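Novice: Okay, here's what each chain looks like letter by letter:
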Amino acid sequence: QKEVEQNSGPLSVPEGAIASLNCTYSDRGSQSFFWYRQYSGKSPELIMSIYSNGDKEDGRFTAQLNKASQYVSLLIRDSQPSDSATYLCAVNQAGTALIFGKGTTLSVSS
Amino acid sequence: ETGVTQSPTHLIKTRGQQVTLRCSSQSGHNTVSWYQQALGQGPQFIFQYYREEENGRGNFPPRFSGLQFPNYSSELNVNALELDDSALYLCASSPGGTTGNEQFFGPGTRLTVL
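Taken in order, these protein sequences are the chains called D and X.
Residue numbering for the first sequence follows this note's numbering, starting at 1 and increasing by one per position.
Residue numbering for the second sequence follows this note's numbering, starting at 1 and increasing by one per position.
Isolated chain X, as found in the complex:
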């Protein structure tokens, strides 16, 4: 069974640029959630995708957007990067369909905005 994978591992961007992060869910999981983790903080929920539809969104501006594909992989896009967007971006997959499913995290993408 393949776990959650994310790419790239690290990324350096300049303020104002755009970035796309990618995630492949664990085999058998149809739900993907994205989180942002700043240094010394717990992960903060960005949004969740279930069967290619957004299924909940946290307190993030519209410049954070996402997609889920028919194979349940997902992308997180961030436009007009700001310095405060520097963080570890985590993707988590879960079986979906019922409340309270366990979420399993990928290794994360470390984004640095200069």
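If we strip away everything but chain D, and leave its shape as in the complex, we get:
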């Protein structure tokens, strides 16, 4: 059974702090890794994709991938109240299904 695990949270950080979201996956054959943001009552929005080991930065977001440890993380710098949402980690092995974690709820307080 392919699994993706995330802490459900809530993760609470003050405005301006760094939020760190973590994800582990069970299938070593996984090739593609994604972070989605989902606001309450809305659909998931793709914010980062990462395919090789290391860091990938896009604005205030940094995705980190360690395939040996089967670990993906998302850092959000200078967190804003508008970042308050559920963050879903997704893993893709064979180009078809995305396997999602249950998501981590982030709350940024002003």
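A couple of the hints might just be wrong.
Taking lysine to aspartate or glutamate and the DMTMM-like style, the derived pairs with C-alpha atoms no more than 25 Å apart in a straight line are [said to hold, decoys possible]:
id	chain 1	residue 1	chain 2	residue 2
1	D	K42	X	E82
2	D	K42	X	E102
3	D	K102	X	D84
4	D	K42	X	D84
5	D	K2	X	D85
6	D	K2	X	E54
7	D	K102	X	E102
8	D	K42	X	E75
9	D	K2	X	E102
Computed far set for chain D versus chain X, every beta-carbon distance over 10 Å [as the list claims (entries may be wrong)]:
id	residue
10	N7
11	L11
12	G16
13	S20
14	E57
15	R60
16	Y71
17	L75
18	S82
Derived by calculation from the structure, the hints in this document are not laboratory data.
As the structure is a prediction and not an experimental result, all values here were calculated from the model.
Built from N, CA and C at the ideal position, the CB exists for glycine as well.
Starting from the known structure of chain D, fit chain X onto it as the hints suggest.
Specialist: For chain X alone, kept in the frame of chain D given last:
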């Protein structure tokens, strides 16, 4: 560029009925995937269509079926609705053709089964 669209937005059905949900893929995308998201859970993969053929299926019973049309739009049909089918149904499109393509979600259809 038009994003992924889905219809209807909300739907209420009675147990045992049948439902059809519709999805139009993003311009230039030939692959459509369907997901079911129950409250408080991550989306669960139902199936994927690539160039009008089913290209992978998750752990859902045969009463969940689908179609993809030549314009790459897609339908999800669910027969003999059960209470547990109440969920947000998400359609995602991707360029297809290569492994690991990013999938972009539509706004979803909220299905309530009474």
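Novice: Now, for every hint given, state plainly whether the structure supports it.
Specialist: Status of the hints after comparison with the structure:
{"no.": "1", "hint": "K42/D x E82/X", "result": "holds, 24 Å"}
{"no.": "2", "hint": "K42/D x E102/X", "result": "holds, 19 Å"}
{"no.": "3", "hint": "K102/D x D84/X", "result": "holds, 18 Å"}
{"no.": "4", "hint": "K42/D x D84/X", "result": "holds, 20 Å"}
{"no.": "5", "hint": "K2/D x D85/X", "result": "holds, 23 Å"}
{"no.": "6", "hint": "K2/D x E54/X", "result": "holds, 21 Å"}
{"no.": "7", "hint": "K102/D x E102/X", "result": "holds, 19 Å"}
{"no.": "8", "hint": "K42/D x E75/X", "result": "holds, 20 Å"}
{"no.": "9", "hint": "K2/D x E102/X", "result": "holds, 19 Å"}
{"no.": "10", "hint": "N7", "result": "holds, 13 Å"}
{"no.": "11", "hint": "L11", "result": "holds, 16 Å"}
{"no.": "12", "hint": "G16", "result": "holds, 29 Å"}
{"no.": "13", "hint": "S20", "result": "holds, 19 Å"}
{"no.": "14", "hint": "E57", "result": "holds, 17 Å"}
{"no.": "15", "hint": "R60", "result": "holds, 19 Å"}
{"no.": "16", "hint": "Y71", "result": "holds, 18 Å"}
{"no.": "17", "hint": "L75", "result": "holds, 20 Å"}
{"no.": "18", "hint": "S82", "result": "holds, 19 Å"}
The structure shown violates none of the earlier numbered hints.
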